[in-house]
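> With these hints in hand, go ahead and build the complete structure from the sequences.
Protein chains: 2
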Amino acid sequence: MKTQTLTLVFCLFASLVFAQQKAPSAESKLLLTEKGIAAYRDLDAKNPDAVREIAEIKQKIDAELTEEIQVPIPKDAGGGYTHEQHKANQLSIFYAGILYKLTGEERYAARAKELLYAYAAIYKTLPLHPEKKEQSPGKLFWQSLNEAVWLVYSVQGFDAIKPYLSAEERAFLKAELFQPFVDFLSVDGEETFNKIHNHGTWAVAAVGMAGYSLEDDKWVQMALKGTTLDGTGGFLRQLDELFSPDGYYSEGPYYQRYALLPFVVFGQAIAYNSPELKIFSHRDAILIKAIYAAIDLTYGGFFFPINDALKEKNLQTSEMVFGVDIAYEITKDPRLLSIAQYQANFAPIDAGFEVAKAIGGSLAKPFEYTSKRFRDGEKGDQGGLAIMRATTSKNPSALVYKYTAQGMGHGHFDKLTWLYYDNGEEIIRDYGAARFLNIEAKFGGHYLAENNTWAKQTIAHNTVVVDEKSHFDGKLSVAEASFPKELRFDVSDPNFQIASAEIKEVNEGVSFKRTMIYVLDAAFEYPLVLDLFEIQSESAHQYDLPLHFNGQIIHLNVPLPGNKTQLSALGKENGYEHLWNLAQGKADAKLSQFTWLLKDRFYTWSTKTDISDELIMAELGANDPDFNLRNERALILRTKGKSNHYFLSALETHGSFDSKNELTLNAYNQIKSLELIEKDGKKYIQITTKDAGIKTYPVENPN
Amino acid sequence: MKTQTLTLVFCLFASLVFAQQKAPSAESKLLLTEKGIAAYRDLDAKNPDAVREIAEIKQKIDAELTEEIQVPIPKDAGGGYTHEQHKANQLSIFYAGILYKLTGEERYAARAKELLYAYAAIYKTLPLHPEKKEQSPGKLFWQSLNEAVWLVYSVQGFDAIKPYLSAEERAFLKAELFQPFVDFLSVDGEETFNKIHNHGTWAVAAVGMAGYSLEDDKWVQMALKGTTLDGTGGFLRQLDELFSPDGYYSEGPYYQRYALLPFVVFGQAIAYNSPELKIFSHRDAILIKAIYAAIDLTYGGFFFPINDALKEKNLQTSEMVFGVDIAYEITKDPRLLSIAQYQANFAPIDAGFEVAKAIGGSLAKPFEYTSKRFRDGEKGDQGGLAIMRATTSKNPSALVYKYTAQGMGHGHFDKLTWLYYDNGEEIIRDYGAARFLNIEAKFGGHYLAENNTWAKQTIAHNTVVVDEKSHFDGKLSVAEASFPKELRFDVSDPNFQIASAEIKEVNEGVSFKRTMIYVLDAAFEYPLVLDLFEIQSESAHQYDLPLHFNGQIIHLNVPLPGNKTQLSALGKENGYEHLWNLAQGKADAKLSQFTWLLKDRFYTWSTKTDISDELIMAELGANDPDFNLRNERALILRTKGKSNHYFLSALETHGSFDSKNELTLNAYNQIKSLELIEKDGKKYIQITTKDAGIKTYPVENPN
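So the protein lines, in turn, are chains A and Z.
Take the first sequence: its letter number 299 is residue 299 in the numbering used here, and every next letter is one higher.
Take the second sequence: its letter number 543 is residue 543 in the numbering used here, and every next letter is one higher.
Note that these hints are calculated values from the structure, not bench results.
One thing to keep in mind: the hints can contain errors.
What the hints assert, rightly or not - Each computed SDA-like pair below joins lysine to any residue, with the alpha-carbon atoms no more than 25 Å apart:
id : chain 1 : residue 1 : chain 2 : residue 2
1  : Z       : Lys599    : A       : Leu363
2  : Z       : Lys564    : A       : Ile616
3  : A       : Lys379    : A       : Leu363
4  : Z       : Lys690    : A       : Pro72
5  : A       : Lys46     : A       : Leu363
6  : A       : Lys311    : Z       : Gln552
Said to hold, decoys possible - Not everything, but these chain A residues come out facing chain Z in the computed CB check (under 8 Å):
id : residue
7  : Asp467
8  : Ile616
9  : Glu619
Note that the Cβ used here is the ideal one computed from N, Cα and C, for glycine as well.
Structure, rendered in structure tokens:
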């Protein structure tokens, strides 16, 4: 009670002071305009179910209105109370503002105002967050990244209630909250602000949107061109450099998703306020390409978890909801509406209401995923990510072949790795990141130590490890300077899709070339994956090829009896120290074959071996005293003392295990032998099958 | 071609011979009658989507008609070609017959006839199956169980085409196929036939249904009363002894489901042909009770996997489709229709068409699962299975407390064990059976050796192990002679549900009493499970209490650092030899607490300990050279040198991990201390919470 009286006195006083300054106008400048409001009211009258989400937001905010606001002094790290409360408040400010615009009810505006005033009362004098991260701390939050996110949402709430506020109140909030907030992000946080990195994008979006709403062109210009206003930093340079010409974001899909929100909401604000910049046409419509790329970089809605990535992220996250809605507003592509349907949510902005209306009007068309390659690097010349797909009568499958550049600090040492999806599942998988985001008990929700010691290491991926050392010896600066070269990408024949790439000096004196082929052939029940991994070196090495399979072990065609009473770690460093050696033994003299079962389907990996090769069955969990890692298994093919060498492998999908009707079909695979042959100077993979004779497929590598 | 001609000549000859014998009439006697046909035709005309399933069956059989029949000489074990082909044929005969009745198209009858004749041509002279199982082999199949199943389906197909066949043909099939088949099951297989066991049920159902259709009352009487016709075997005695008075089947839910099909289809045939037996009223309607029990013994549609059980089985299996449809025909209970909707299938018999019609008429009502206890034993005095449930706003949860009798050869040594379900998942789980059904590469699809060495052993369950020995020393005959006694089961207060049971001499000189309480209290976000496990013994022992949790390890309140570079098996026998000892250390001096995460929710197990207790984190996989076991983890609480002792534990469900919005709430639990106190000679569990003070709950054990 006392606090409220004091606040009131202070506000009266403040009004006198700030009435004399130039106040921002009462006009809303950001993403919810009269157009969206009209669309909402029309839908609400005719088809209230289409805007059910607004009713849910109303319910949430109405419940909050029965309680006093909570603006605690910042104390906790990610996942803790004060952290989550400030995040909750940013949403409350945003939603309350939106509700005021949509319904005209002043109690919503009053709530947003009360929260903004509470922040205005403390922000200037707040010290850096006590749990600050070493790099770029925040004040409300442990890292300035969260601080920028707060502003992106809150300034939209402010923008919505501008007409409700008096000129003095607007001026007051600018002086006491937004100006210091912008200063904190752009002056104190200048280095991050000017960074060509997703942290920088959040900062410039926050400052730029504040600039439009608070009508401060200086802020807008800094956001567009960096603090020095010369274009060395800022949004435009980020657009030019962070995405490849195909819209691929250098850190990979997980961060592509995360970075998308500030890109698209600020983009939309620019489009509304600075139409002369034609921002959505900038660089051949790179923003729109980036949104489509994020959609393409998924299977079953979930992002490919390459580099640092949490596997639970899918197209339903709010970043993608904003992205898809805004892309639809620009493109009117009806396929985006089916993604919006999968999201089952829309953004409460003009674009979102347009999507809701279009879905109500049954305009949606299926989004058909097709084979695609995304070039990496600003100029598109730093390798890429190839996705080969087919939709059979029994679910889609997807082969992901990664020959991108390193992808900055969140990149993994996984040159020329691959993933495979089928039947709605990860079949050949990537560990993703070792992190329990926002779970305080797990190292405060940070990336775990095991993210460096395991998840980033080469052995955690489906690519060759030389002498048990990670690519580039696990050195980021070296890895950043190098990137694969695409030799071939051709999916013009859907029954024979091929991608090939090479990288030099991935370890000292060692170069890789990998060709992955995705075949649809009546000889095989499902798409067949062929994999030729060629290694060049003048000196002898040990080469390990891991296969991170997902499923229950059914059969190995060579005896590989598991260790019975004792287990040891497989190695001492570079990720090997995290693997238990479950079993180790000789490979088959000709072809080693391994069958596993996942859900109702069998998978068989066949790989050409000789009697000097070894197979190792390994399980994750050694040197993991805090039980931070999932206990997943991998089969490792090891060959020793080889200089030039190649691995030739195939992955078959076959059969069915029908537990309902207790019917098992084709539990055995087709391939009997795999050979690399040459005819007229060209390489071919020759397969002997059980039922369809000999099949020969070209390895067309033009180089 | 040649074979066909020979068959034709043989048939002509046979007709002459069999025309002189008494032939079965042309009248159909089994489960699809004019009533079902009329219902089908009506639905097909008005709402073809309701009988889409028949269109699918038609499509399947039409496709088969384009190919020659395949009736191979039996050779393969379960999962192999000949095994699966004979199974496929039994369905083809059944479906073709059904289609003939529904559509009147003779090509279907001709196909069923062709298949039946092909079997008639070989059956008499077939030797025992080459891959025969030691107990009761079949001729078409490796075990006579499959043989009986074949007849249950095939005789229904025959029954449907009776009007299509001439009297001579009916007589021929009886003499050449059904008579020898019945002889094989009832004479050669007399022991199984008279067994009070699910194998016996399949055999009597097959013979009894053949008896009705082929109009041989001797077969019917044998089926009802055993081969000696004195009621020492047969269906009626099975009904009296295999189910408890509550309809619980002694082997547990997995086999309850499996056994249900012969029970209900033969029951229905009896009801049609021998109405005077009032079979569905027999023993207070035990057949109907058994169907309801099977429904109640599930979570999320999946059967509780106690005893030998494959976890993939749910209410959608064909046994349950027949069961639910037949139960609906008898009871007209509209809640059964919502189960039928979940099944998304109906049985192509009278009862199934009635269900399809009722669903089309929107008669379905939700099946609300409630807390229930199923008594075990013929007289209901051999313990039981208690299910305590609550449906909160965020998904239902279920506590299963098992104090049943042993359950014959498929029973596990798991006296007084428990399971817990929440949020659609297994939280505290049971391994189920170690078996890859029908996967030949895995020990021919049989139960694996690890089913005995691991899955049945006590340590594989959530109950106390004495001196690392399984209950009753793992001896079936001893276990069969003993059973728990229920002390209390009271769910009348939904906020305080309690079950308590005891068992004497579970190991020599050791008795158990366990009380499980399921509490809904505002102090806890979700239902709270309390567990008082009291052990009586005059001599000192080691007691291990395992917790087979499902999820990712988040936090232990005592240091229990995982072994880093070496692992050893936890023991040498009784299942311990299959566990790797990941970590072992001292328990907390007062209360050991363990938190894990599954999907978006946290679980914390708190257990009263002292500094002499130990905790062991274990993982399955030792002594498993063929990688037959899933690598699941368990936490084991160990106390040594105790005679009388009690374990007092609680399981809390709390918080949320919202990966979409990156929001974590209540990652920490509420319980700070757990004490067993006495007041006025009564025991209470006293809990100190973080936010709701002290809570006291009675342990009302009347004895």
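> Against each hint, give a clear statement of whether it holds in the structure.
Each hint tested on the structure:
no.: 1; hint: Z:Lys599 <-> A:Leu363; verdict: violated (34 Å)
no.: 2; hint: Z:Lys564 <-> A:Ile616; verdict: holds (19 Å)
no.: 3; hint: A:Lys379 <-> A:Leu363; verdict: violated (36 Å)
no.: 4; hint: Z:Lys690 <-> A:Pro72; verdict: holds (21 Å)
no.: 5; hint: A:Lys46 <-> A:Leu363; verdict: holds (17 Å)
no.: 6; hint: A:Lys311 <-> Z:Gln552; verdict: holds (14 Å)
no.: 7; hint: Asp467; verdict: violated (21 Å)
no.: 8; hint: Ile616; verdict: violated (13 Å)
no.: 9; hint: Glu619; verdict: holds (7 Å)
Violation of the numbered hints given earlier is confined to hints 1, 3, 7 and 8; the remaining hints are satisfied by the structure.
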